[in-house]
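There are 2 protein chains.
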Amino acid sequence: MYEITVPQFAKILGNLNLMLDKAADYATARKFDVKVLLNARLAPNQFHLIRQVQIATDVAKGLAARLSGQEPPKYEDNEQTLEELKARIQKTIEFLNTVKAEQFNGWEKRTIAIGFMPGKALPAPEFAIQMAIPNFYFHVTTAYAILRHNGLEIGKNDFLGQLNFRDL
Amino acid sequence: MYEITVPQFAKILGNLNLMLDKAADYATARKFDVKVLLNARLAPNQFHLIRQVQIATDVAKGLAARLSGQEPPKYEDNEQTLEELKARIQKTIEFLNTVKAEQFNGWEKRTIAIGFMPGKALPAPEFAIQMAIPNFYFHVTTAYAILRHNGLEIGKNDFLGQLNFRDL
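Protein chains in written order, with the numbering used here: chain L, 1 to 168; chain C, 1001 to 1168.
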């Protein structure tokens, strides 16, 4: 579980950071304010790009902290600029990098309280497999889709990042 | 790894099937051909909904087969109607249901040939963690995003499906 989440989420968040750099370059080249992209959404009652990134980072730090028996670091959720959003991603990656595999020992016996449903909880395996992992990829993919829909030239490799293919 | 992929991918594909039912009802209520949705995309050079579902099911059967030492079932990739697309999802779920946890024994020592890169391979852990799991959620989320962008009233619960919350 550690390998499937902590280092892999850090990798994907690094990829997301690079996509935001491309978004900034795109805005400069086309002469529009990058905040247009940060506030873009795919449907009127869907969260905008900033909130997608906030939730993706929340899910990453939440899973890494809860499964290693820690309180997740608290963020202010007040990012408005590209720099602030990138800083949030960066500090999440740095937090993930502090969580070591051995801190996950016994993770599957933990009970995880659900923040937005006071009094409710899930056993850690259900929390991780059915909620946190799908949620993490859901919000990163939605961030990607918002950028892609607005004309940014990104592709699957930007999302997955580098893969170390070997010769058969 | 088995628990994180095979039964969970079957669950998510079941959710995707229900979203397609909602898409059909939406098309009927608004008096348009559901094929408009099946051929919708978020960017002109992105795959349409049919292809997103084809790839999501490919990734699911590919991972389940490769990690259990089997050849993945071959599909024709010729779905054009909602019924055909739902049938593809259903047969993928049925294949996943045939793969048992004990068939994953020793999965981490397998080498996985990459279909679209002849002569190239990844060790199974890198294939699963860095490629197949993110890809699966990427394509299901993109299918969701295409429907959401076209006005279908779906939300996160449609994507995640039922979670069995307990009292703390």
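Please keep in mind that the hints were generated in silico from the structure rather than gathered at the bench.
All values derive from a computational prediction rather than experimental measurement.
We treat Cβ as the ideally placed atom computed from N, Cα and C, and that holds for glycine.
Keep in mind that a hint or two might mislead.
[Claimed, not checked] Anything over 10 angstroms on all C-beta distances counts as not near chain C; from chain L, calculated:
{"hint": "1", "residue": "Glu3"}
{"hint": "2", "residue": "Phe32"}
{"hint": "3", "residue": "Asp58"}
{"hint": "4", "residue": "Trp107"}
[What the hints assert, rightly or not] Cβ-Cβ distance ranges computed for the label pairs, FRET-style:
{"hint": "5", "chain 1": "C", "residue 1": "Asp1021", "chain 2": "L", "residue 2": "Gly115", "range": "28 to 36 angstroms"}
{"hint": "6", "chain 1": "L", "residue 1": "Gly14", "chain 2": "C", "residue 2": "Asp1021", "range": "33 to 41 angstroms"}
{"hint": "7", "chain 1": "C", "residue 1": "Gly1014", "chain 2": "L", "residue 2": "Pro123", "range": "43 to 51 angstroms"}
{"hint": "8", "chain 1": "C", "residue 1": "Gly1069", "chain 2": "L", "residue 2": "Asn164", "range": "19 to 27 angstroms"}
{"hint": "9", "chain 1": "C", "residue 1": "Gly1106", "chain 2": "L", "residue 2": "Gly69", "range": "27 to 35 angstroms"}
{"hint": "10", "chain 1": "C", "residue 1": "Leu1018", "chain 2": "L", "residue 2": "Lys91", "range": "47 to 55 angstroms"}
{"hint": "11", "chain 1": "L", "residue 1": "Arg166", "chain 2": "C", "residue 2": "Asp1167", "range": "19 to 27 angstroms"}
{"hint": "12", "chain 1": "L", "residue 1": "Gln162", "chain 2": "C", "residue 2": "Gly1014", "range": "40 to 48 angstroms"}
{"hint": "13", "chain 1": "L", "residue 1": "Ala40", "chain 2": "C", "residue 2": "Glu1108", "range": "21 to 29 angstroms"}
{"hint": "14", "chain 1": "L", "residue 1": "Pro123", "chain 2": "C", "residue 2": "Glu1076", "range": "39 to 47 angstroms"}
{"hint": "15", "chain 1": "L", "residue 1": "Gly119", "chain 2": "C", "residue 2": "Gly1069", "range": "19 to 27 angstroms"}
{"hint": "16", "chain 1": "L", "residue 1": "Lys91", "chain 2": "C", "residue 2": "Gly1119", "range": "38 to 46 angstroms"}
{"hint": "17", "chain 1": "C", "residue 1": "Asn1045", "chain 2": "L", "residue 2": "Lys91", "range": "30 to 38 angstroms"}
Hint check results:
1. For Glu3(L), the condition that its CB be more than 10 angstroms from all CB atoms of chain C is violated, with the nearest at approximately 6 angstroms.
2. At the 10 angstroms boundary, the C-beta of Phe32(L) stays outside the reach of chain C, the nearest C-beta of that chain being 17 angstroms off.
3. The claim that Asp58(L) is not at the interface with chain C holds, since no C-beta of that chain comes within 10 angstroms of its own (minimum 14 angstroms).
4. No beta-carbon of chain C comes within 10 angstroms of the beta-carbon of Trp107(L); the shortest separation is about 13 angstroms.
5. Between Asp1021(C) and Gly115(L) the CB atoms are about 31 angstroms apart, so this pair conforms to the stated range of 28 to 36 angstroms.
6. Take Gly14(L) and Asp1021(C): their Cβ atoms lie about 38 angstroms apart, and the range 33 to 41 angstroms holds.
7. Gly1014(C) and Pro123(L) have their C-beta atoms about 21 angstroms apart, which leaves the hinted 43 to 51 angstroms range violated.
8. The beta-carbon spacing between Gly1069(C) and Asn164(L), approximately 23 angstroms, falls within the hinted interval of 19 to 27 angstroms.
9. Range check, Gly1106(C) to Gly69(L): about 30 angstroms between beta-carbon atoms, so the 27 to 35 angstroms window is met.
10. Leu1018(C) and Lys91(L) have their C-beta atoms about 37 angstroms apart, which leaves the hinted 47 to 55 angstroms range violated.
11. Separated by about 49 angstroms at the C-beta atoms, Arg166(L) and Asp1167(C) break the suggested range of 19 to 27 angstroms.
12. Between Gln162(L) and Gly1014(C) the CB atoms are about 33 angstroms apart, so this pair departs from the stated range of 40 to 48 angstroms.
13. Checked against the hint of 21 to 29 angstroms, the pair Ala40(L) and Glu1108(C) fails, with Cβ atoms roughly 40 angstroms apart.
14. For Pro123(L) and Glu1076(C), the Cβ-Cβ distance of about 40 angstroms falls inside the hinted range of 39 to 47 angstroms, so the restraint holds.
15. Taken as a hint, the range 19 to 27 angstroms is violated for the pair Gly119(L) and Gly1069(C), whose Cβ atoms sit roughly 44 angstroms apart.
16. At roughly 41 angstroms, the beta-carbon separation of Lys91(L) and Gly1119(C) lies within the given 38 to 46 angstroms, and the hint holds.
17. Against the hinted window of 30 to 38 angstroms, the Cβ-Cβ separation of Asn1045(C) and Lys91(L) comes to about 34 angstroms, which satisfies the hint.
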